[in-house]
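*Asks:* Sequence:
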Amino acid sequence: MQIRDDDLKSFAKVVNGLDVSVQLELFIDIFNNKDYTLLVPPAKKWNDALWLNIPTDEKRVIIKMHVIKAKKGVKITEKIIKDAISGGYAKLPSLSGYSNLYFDGKENSQLHVIGCGVNAIIELPDQKEGNIFFHRIDEILCLPNETVYEKLYREPTYNYTKTLGENGHFNEQLRNTKRKFTFFLVRDYTWGEIGKKRPEVVKKFLMPLFAIHAQHLLERHLGVSNKAYTMEEMVLMSLDSEGAMELPKGDKFLYFRVEKSKIEYRFLWSSENIEVYMPDIKCTNGIIHVLEFPMIQGEDVGFAGGLITTPSINNKFYMMFITSSLFIIRMWGF
Numbered sequence: 001m002q003i004r005d006d007d008l009k010s011f012a013k014v015v016n017g018l019d020v021s022v023q024l025e026l027f028i029d030i031f032n033n034k035d036y037t038l039l040v041p042p043a044k045k046w047n048d049a050l051w052l053n054i055p056t057d058e059k060r061v062i063i064k065m066h067v068i069k070a071k072k073g074v075k076i077t078e079k080i081i082k083d084a085i086s087g088g089y090a091k092l093p094s095l096s097g098y099s100n101l102y103f104d105g106k107e108n109s110q111l112h113v114i115g116c117g118v119n120a121i122i123e124l125p126d127q128k129e130g131n132i133f134f135h136r137i138d139e140i141l142c143l144p145n146e147t148v149y150e151k152l153y154r155e156p157t158y159n160y161t162k163t164l165g166e167n168g169h170f171n172e173q174l175r176n177t178k179r180k181f182t183f184f185l186v187r188d189y190t191w192g193e194i195g196k197k198r199p200e201v202v203k204k205f206l207m208p209l210f211a212i213h214a215q216h217l218l219e220r221h222l223g224v225s226n227k228a229y230t231m232e233e234m235v236l237m238s239l240d241s242e243g244a245m246e247l248p249k250g251d252k253f254l255y256f257r258v259e260k261s262k263i264e265y266r267f268l269w270s271s272e273n274i275e276v277y278m279p280d281i282k283c284t285n286g287i288i289h290v291l292e293f294p295m296i297q298g299e300d301v302g303f304a305g306g307l308i309t310t311p312s313i314n315n316k317f318y319m320m321f322i323t324s325s326l327f328i329i330r331m332w333g334f
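Residue 166 in the working numbering is what sits at position 166 of the sequence shown, and the numbering runs on without skipping anything.
Since the hints were derived computationally from the structure, they do not count as laboratory data. Check each hint, because a few of them may be wrong.
Unchecked claim - Once the Cα atoms are required to be at most 27 Å apart in a straight line, the calculated DSS-like pairs of lysine-lysine come out as:
| no. | residue 1 | residue 2 |
| --- | --- | --- |
| 1 | 227 | 180 |
| 2 | 69 | 260 |
| 3 | 45 | 69 |
| 4 | 69 | 79 |
| 5 | 196 | 227 |
| 6 | 9 | 59 |
| 7 | 91 | 34 |
| 8 | 260 | 227 |
| 9 | 13 | 59 |
| 10 | 9 | 75 |
| 11 | 128 | 34 |
| 12 | 178 | 162 |
| 13 | 79 | 91 |
| 14 | 128 | 9 |
| 15 | 128 | 72 |
| 16 | 178 | 196 |
| 17 | 13 | 128 |
| 18 | 34 | 45 |
| 19 | 91 | 75 |
| 20 | 128 | 71 |
| 21 | 59 | 260 |
| 22 | 203 | 180 |
| 23 | 71 | 260 |
| 24 | 82 | 262 |
| 25 | 71 | 34 |
| 26 | 13 | 45 |
| 27 | 262 | 79 |
| 28 | 82 | 72 |
| 29 | 59 | 34 |
| 30 | 45 | 75 |
| 31 | 69 | 13 |
| 32 | 59 | 128 |
| 33 | 82 | 128 |
| 34 | 75 | 262 |
| 35 | 69 | 82 |
| 36 | 262 | 72 |
| 37 | 227 | 178 |
| 38 | 197 | 227 |
| 39 | 79 | 9 |
Predicted model only: the values in this text are computed from it and were never measured.
Take these sequences, add in the hints, and give me the full structure.
*Replies:* Listed below in structure tokens is the structure:
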């Protein structure tokens, strides 16, 4: 088919520049039937050095992060996205098979889509050309342009972790572009839920007297190596035995397992089975994974003793997950 829209035409050219298997899959399926919704960046973004300099296999995954496949004939319209957001859980699977797309936006405001931590504005929703249905966005998803340090300081939902790291000068190492970091991070909402049950623990971590405890806690959440690990890679590391990741001290390791169900991940550490809220937030010097519970031990400022357990604190998340799963099952026909 002849494509007239400039941004859509550039998207098609990028697909055509990839390997034959991707060309066949995307051109035959996406551009010739009605079962897909595309997220299309501006044509000029494909000339960015950040895009041009990444390996072809990464480009293949990134392209598929811009595609949503729904049940036959269903388009992921602006209304469907807003309805999902109003229901409190706006997470939809991408064609990549590795990561979800996250949608955000308040009533009467622009919608945002987040892929691998890159936040793009949906500038023009519900566009159509022939069989192709798409939303026009302002950035290429999954193309990192910030260090782990910059991401930590820019994202307001990471404020508690940021403050913990400032007290012990932990954060400064995250500027280093010669190392690769795999950072397991807990968002403010989770710390707030912990604080409702054990406020003294959350407060103690912020006190100068307990800075060394906060330092040890954060070090337990940071893998330092010549490579950063995606959740999918950690699943493979966990198949035969526990995965191991070097911690900042150099002579210590984090031992874990990661389990996957469709494209949802669970992080198993010690006796905890932790839901992964948002995996694979890509940065220029590492990857952030947002967990729904911290890797915390009894000796961490008296954390043991009547503390809310991981399953309890995740009751709300579990119900949200079930609600979302029902929505996805209904929409995608799993």
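*Asks:* Run every hint past the structure and note whether it holds.
*Replies:* Each hint tested on the structure:
For the hint pairing residue 227 with residue 180, the CA-to-CA distance comes to about 5 Å; that is within 27 Å, so the pair holds. A C-alpha spacing of about 20 Å is found between residue 69 and residue 260, which places the hinted pair at or below 27 Å, so the restraint holds. A distance of roughly 24 Å separates the Cα atoms of residue 45 and residue 69; the hinted pair therefore holds under the 27 Å criterion. The hinted pair formed by residue 69 and residue 79 meets the criterion: a straight-line CA distance of about 16 Å does not exceed 27 Å.
Restraint check for residue 196 and residue 227: the C-alpha separation of about 37 Å exceeds 27 Å, so the hint is violated. Of the pairs offered as hints, the one joining residue 9 and residue 59 holds, with about 17 Å between alpha carbons and a cut-off of 27 Å not exceeded. For a cut-off of 27 Å, the pair hint linking residue 91 to residue 34 stands: about 21 Å separates their Cα positions. Using a Cα cut-off of 27 Å, the hinted pair residue 260 and residue 227 holds, with the two alpha carbons roughly 21 Å apart.
Our distance criterion of 27 Å between C-alpha atoms is met by residue 13 and residue 59, whose separation comes to about 13 Å. Distance restraint check for residue 9 and residue 75: the Cα-Cα separation of roughly 20 Å lies within the 27 Å cut-off, and the hinted pair is therefore satisfied. Restraint check for residue 128 and residue 34: satisfied, since their Cα atoms lie roughly 11 Å apart, inside the 27 Å limit. In summary, the hint linking residue 178 to residue 162 is supported, as the alpha carbons are separated by about 21 Å, within the 27 Å threshold.
For the proposed pair residue 79 and residue 91, the alpha carbon gap of about 14 Å is at most 27 Å, so the pair holds. Restraint check for residue 128 and residue 9: the C-alpha separation of about 13 Å stays at or below 27 Å, so the hint holds. Distance check on the hinted pair: residue 128 and residue 72 sit about 17 Å apart at the alpha-carbon level, within 27 Å; holds. Of the supplied pair hints, the one linking residue 178 and residue 196 is violated, its CA atoms being roughly 40 Å apart against a limit of 27 Å.
Proximity of residue 13 to residue 128 is assessed by CA-CA distance (about 18 Å); at most 27 Å being required, the pair is judged to hold. Proposed proximity of residue 34 and residue 45 is supported: the alpha carbons are some 26 Å apart, at most 27 Å. Note on residue 91 and residue 75: the hinted pairing holds, with a Cα-Cα distance of about 15 Å set against a maximum of 27 Å. Note on residue 128 and residue 71: the hinted pairing holds, with a Cα-Cα distance of about 18 Å set against a maximum of 27 Å.
For the given pair, residue 59 sits about 23 Å from residue 260 by alpha-carbon distance, which is consistent with the 27 Å threshold. For a cut-off of 27 Å, the pair hint linking residue 203 to residue 180 is broken: about 31 Å separates their Cα positions. With a C-alpha separation of about 23 Å, the suggested pair residue 71 and residue 260 falls inside the 27 Å cut-off, and the hint holds. Distance hint between residue 82 and residue 262 is fulfilled; the C-alpha atoms sit about 24 Å from each other, no more than 27 Å.
As the CA atoms of residue 71 and residue 34 are separated by approximately 10 Å, the hinted pair is consistent with the 27 Å bound. Distance hint between residue 13 and residue 45 is fulfilled; the C-alpha atoms sit about 13 Å from each other, no more than 27 Å. Proposed proximity of residue 262 and residue 79 is supported: the alpha carbons are some 25 Å apart, at most 27 Å. Note on residue 82 and residue 72: the hinted pairing holds, with a Cα-Cα distance of about 21 Å set against a maximum of 27 Å.
At roughly 24 Å between alpha-carbon atoms, residue 59 and residue 34 fall within 27 Å of each other, so this suggested pair holds. Taking the CA atoms of residue 45 and residue 75, the gap is about 25 Å. The hint holds against a cut of 27 Å. Of the pairs offered as hints, the one joining residue 69 and residue 13 holds, with about 20 Å between alpha carbons and a cut-off of 27 Å not exceeded. Among the hinted pairs, residue 59 with residue 128 is consistent with the structure: their alpha-carbon atoms are about 25 Å apart, no more than 27 Å.
The suggested pairing of residue 82 with residue 128 holds, with an alpha-carbon distance near 19 Å, which does not exceed 27 Å. As the CA atoms of residue 75 and residue 262 are separated by approximately 21 Å, the hinted pair is consistent with the 27 Å bound. The suggested pairing of residue 69 with residue 82 holds, with an alpha-carbon distance near 18 Å, which does not exceed 27 Å. Proximity of residue 262 to residue 72 is assessed by CA-CA distance (about 19 Å); at most 27 Å being required, the pair is judged to hold.
For the hint linking residue 227 to residue 178, the alpha-carbon distance of about 10 Å falls within 27 Å, and the restraint holds. Note on residue 197 and residue 227: the hinted pairing is violated, with a Cα-Cα distance of about 37 Å set against a maximum of 27 Å. Restraint check: the Cα-Cα separation between residue 79 and residue 9 comes to about 26 Å, which is no more than 27 Å; the hinted pair holds.
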